[in-house]
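Q: Construct all of the structure, not just a fragment, from the sequences and the given hints.
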Amino acid sequence: MTNPAFRSALDLAAAIREQRLSAANNMKHLLARIETLDPTLNTVVTLNAEAALTEAHKADKAVSDGDALGPLHGVPFGLKDIIDAAGLPTTAHSKIFAGNIATEDSTVTAKLKQSGALLVGKLATHEFAFGGPSFDLPWPPARNPWDTRMFTGGSSSGSGAAIAAGFMPLALGTDTGGSVRNPASLCGIVGMKATYGRVSRRGVVPLAFSLDHVGPMTRTVSDNAALLQVISGYDPRDRASAQVPVPDYLSAVERGRTQGIKGMRIGVIRHFFEKDMVADSRVVNAINASLHVLADLGAHITDVETQSLQTFSNVNRIILLSEAYAVHQHWLQSRPQDYAAMTREKLLPGAFIRAVDYVQALRNRPLFTAEIDTLLDDADVLVTASSMDPPFPIDDSEAVARCYPRSARPPFNLTGHPALSLPIGFTEPDDDVPVLPLGLQVIGRHFDEASIYRVASAYEQATNWSEVYPPH
Amino acid sequence: MRHTDDARKLANQLGLLRLFELGPSQFEAAIKATQALVENQPSPTALHQEPAHVCDFTRQTSNLIHQQ
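Here the protein sequences come in this chain order: A and B.
According to this note's numbering, the first sequence is numbered sequentially starting from 1.
According to this note's numbering, the second sequence is numbered sequentially starting from 1001.
A couple of the hints might just be wrong.
What the hints assert, rightly or not - Selected chain B positions facing chain A (Cβ under 8 angstroms, derived; list incomplete):
id	residue
1	LEU1019
2	PRO1024
3	GLN1026
4	ALA1030
5	ILE1031
6	LEU1037
7	VAL1038
8	ASN1040
9	GLN1041
10	PRO1044
11	GLN1049
12	GLU1050
As the list claims (entries may be wrong) - List of simulated lysine-lysine pairs, DSSO-like, C-alpha gap at most 30 angstroms:
id	chain 1	residue 1	chain 2	residue 2
13	A	LYS61	A	LYS113
14	A	LYS95	A	LYS61
15	A	LYS95	A	LYS58
16	A	LYS61	A	LYS28
17	B	LYS1032	A	LYS262
18	B	LYS1009	A	LYS28
19	A	LYS275	B	LYS1009
20	B	LYS1009	B	LYS1032
21	A	LYS113	A	LYS95
The hints are simulated quantities; they were obtained by calculation from the structure and are not laboratory data.
Note that beta-carbon positions come from the ideal geometry of N, C-alpha and C, so glycine has one too.
A: Take a look at the structure:
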C-alpha cells in the first residue's frame, strides 16, 4: 500500500472526482506532513495553508454539486518562489524582494488554478534562482529528503525536495542552466525543461531572458506530462512564447506504456560524461544500466558526437551572465549588502563581459542549435548525463562550486531543445550514507516533448524507480 | 596592491565600489573568471553568421515518431 503522501496527482484527481477521496482531507494530511517534516527540510518559504484548505473544501463542494471539473481538480501544487501568485509574497529567497507581494497570478499559476489545482505554498529557491545554497539569507536552504545532510541541487531546490518528500505531487521550477533538472536528478524525481517558448514566463522573476524556462517537477512521468499539458500554450504577454499547437502528452505516455519504444532511435552523447567531463563511476554505471533497459525495450542505441560540453557551457554562461547582470546591475550598485555573498560572487562576472563577447555568443548559438538538430535527424531522442555526481553534503562549499560546471544541462538551455531529468536508480548505501538518487537526461526535438515522455514512461514502467521513496 | 588599486578604480567606474568593498578578492577573481570564459568561446568567422532568436525554429516536426 502506497503511503498516501506519495499518491500521484492523476490518482488523486481521479479519486477526488469519483468522491473516493475528499480534497480537504487530503490537504489536511499534506499540511500536517509539511508541519512535521519541513522544519528539517526547509522547502516552504510561504505556506498557504488557510487558503489551500478553504479552496479544498470548495473543490469538494464542486464535485458534490456536479460542477464541471478541471483535469487537476483538488490536486495540491507548489511554486518556486520566483513565480507570482496573487496576494502572496514573491521573495526570490532574497532580502532585495522584502515586502514584494504579487498583485496578479503569473500565467502558469493562473493556468494551474483554472485546472482545479490548489496552491499549497511558495517553495525555496536559490537567491534569484542563481546563488546558493546560501546560509546568509532570511530563509535557510532546502535539504535533500534522501539524506538531510545532502544538497538538493538547485536552483529549484524547494520544489525538488518538496516533491521528493511527499509534500505535494506537483511543483513548478525554473531552468536557465539546469535548475529544474539538477534538483530533479539529486532528489530522485522527474523534471522537464520543455522547449523554449512552450511555457509562458510571464509573472516569473527573470534570471536570463533568452535562457529562462518554467518546468514541471513531479514524482512520475505521467504526472509530469499532465502538469506540462496544463501550463503549456501560447501567451501573448510573454515575448518569447511560441504559437505552436500543444500535443496530448498523456497519450504519448500511454503509448510508451502500451506500445513501448521498439524501433525508436536513441542517440547517446557519451563524450559529455566520459571524455569532456568524467562523471562519477556510479553515475556512468547507472546510465549504462539504463541504456541496457532501453535496448531491451527494443530501442536502437547509438553513440553520437557534437561540440564539447565545455564549448556549449561557455557560450551558455556568457549569455546567462550578461543577461543576469543586466537584470541585477541596479541592485548590485545600490544594495550589494542585501545579496548573499555567493549570489554576488556568481553575478559579478557579468559586469566584465564586453558587448562583443555577448554578441559573439549569440552568433554561436544558432550553430550549436543546428548541431543538436542534426543529431536529432538520425535519432528520435538523445540521452546524456544530467549531473556528473550523486548528491553531496550541502555544507561542502568546494563540492557545491564544482557541481554547477559538472553537468550536461546548459547546452539545452542554449539550444532551446526540450530536456527531461529521469530517475535511473540509486547509489549503494555506504557507511552512514543511505541510498542517494541518480538521474539521466533525455533530450528531444523542438516542441517534441511527447517523444521524451514516451521513452521516459516506457523506462519508468520497466524499472519502477518512481515507487521508491525517501525515509519518513 | 597594484592589482587591488586597479580593481577599485574599475569598480568605481562601474558604480560597484560598495560591492567591491564587500570583497576585493572576489572582484579580482570575477575579472579573471570572465577572461577565461570569453577566451574559450569560438570566434564566429562567417560574415553573415547572425544571432537568431532561439524560438525561430526552422526544422519541420512532421516526422515525429509519436505522430506516425
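Q: Hint by hint, say whether it matches the structure.
A: So, going through the hints one by one against the coordinates:
Residue-level restraint check for B/LEU1019 holds (minimum Cβ-Cβ distance to chain A is 4 angstroms; threshold 8 angstroms). A distance limit of 8 angstroms between C-beta atoms decides the matter here; for B/PRO1024 the minimum to chain A is near 12 angstroms, and the interface restraint is violated. The closest approach between the C-beta of B/GLN1026 and any C-beta of chain A is roughly 5 angstroms, which is under the 8 angstroms cut-off, so the hint is satisfied. A cut of 8 angstroms between beta carbons decides the hint on B/ALA1030: the least distance to chain A is about 4 angstroms, and the hint holds.
Of the supplied interface hints, the one on B/ILE1031 holds, with its beta-carbon coming within about 5 angstroms of a beta-carbon of chain A, less than 8 angstroms. About 6 angstroms separates the beta-carbon of B/LEU1037 from the nearest beta-carbon of chain A, less than 8 angstroms, and the hint is met. Because the closest C-beta pair between B/VAL1038 and chain A is about 4 angstroms apart, less than 8 angstroms, the hint holds. For B/ASN1040, the suggested interface contact is upheld, since its CB lies about 5 angstroms from the closest CB of chain A, less than 8 angstroms.
Using the Cβ-Cβ criterion of 8 angstroms, the hint placing B/GLN1041 at the interface with chain A is satisfied: the shortest such distance is roughly 5 angstroms. Annotation: B/PRO1044 was flagged as interfacial toward chain A, and the flag holds, the nearest CB pair being 4 angstroms apart, inside 8 angstroms. Hint status for B/GLN1049: holds, given a least beta-carbon distance of 5 angstroms to chain A, under 8 angstroms. Interface restraint check: B/GLU1050 against chain A, minimum CB-CB distance 7 angstroms, threshold 8 angstroms, status holds.
The straight-line distance between the Cα atoms of A/LYS61 and A/LYS113 is roughly 16 angstroms, inside the 30 angstroms bound, and the hint therefore holds. For the hint linking A/LYS95 to A/LYS61, the alpha-carbon distance of about 40 angstroms lies beyond 30 angstroms, and the restraint is violated. For the given pair, A/LYS95 sits about 35 angstroms from A/LYS58 by alpha-carbon distance, which is inconsistent with the 30 angstroms threshold. For a cut-off of 30 angstroms, the pair hint linking A/LYS61 to A/LYS28 stands: about 16 angstroms separates their Cα positions.
With a CA separation close to 50 angstroms, the supplied pair B/LYS1032 and A/LYS262 exceeds the 30 angstroms bound. Restraint check: the Cα-Cα separation between B/LYS1009 and A/LYS28 comes to about 58 angstroms, which exceeds 30 angstroms; the hinted pair is violated. Restraint check: the Cα-Cα separation between A/LYS275 and B/LYS1009 comes to about 42 angstroms, which exceeds 30 angstroms; the hinted pair is violated. Simply put, B/LYS1009 and B/LYS1032 have alpha-carbon atoms about 16 angstroms apart, close enough for the 30 angstroms limit, and the pair holds.
Of the pairs offered as hints, the one joining A/LYS113 and A/LYS95 holds, with about 28 angstroms between alpha carbons and a cut-off of 30 angstroms not exceeded.
Comparing the model with each earlier hint shows violations of hints 2, 14, 15, 17, 18, 19; every other hint is respected.
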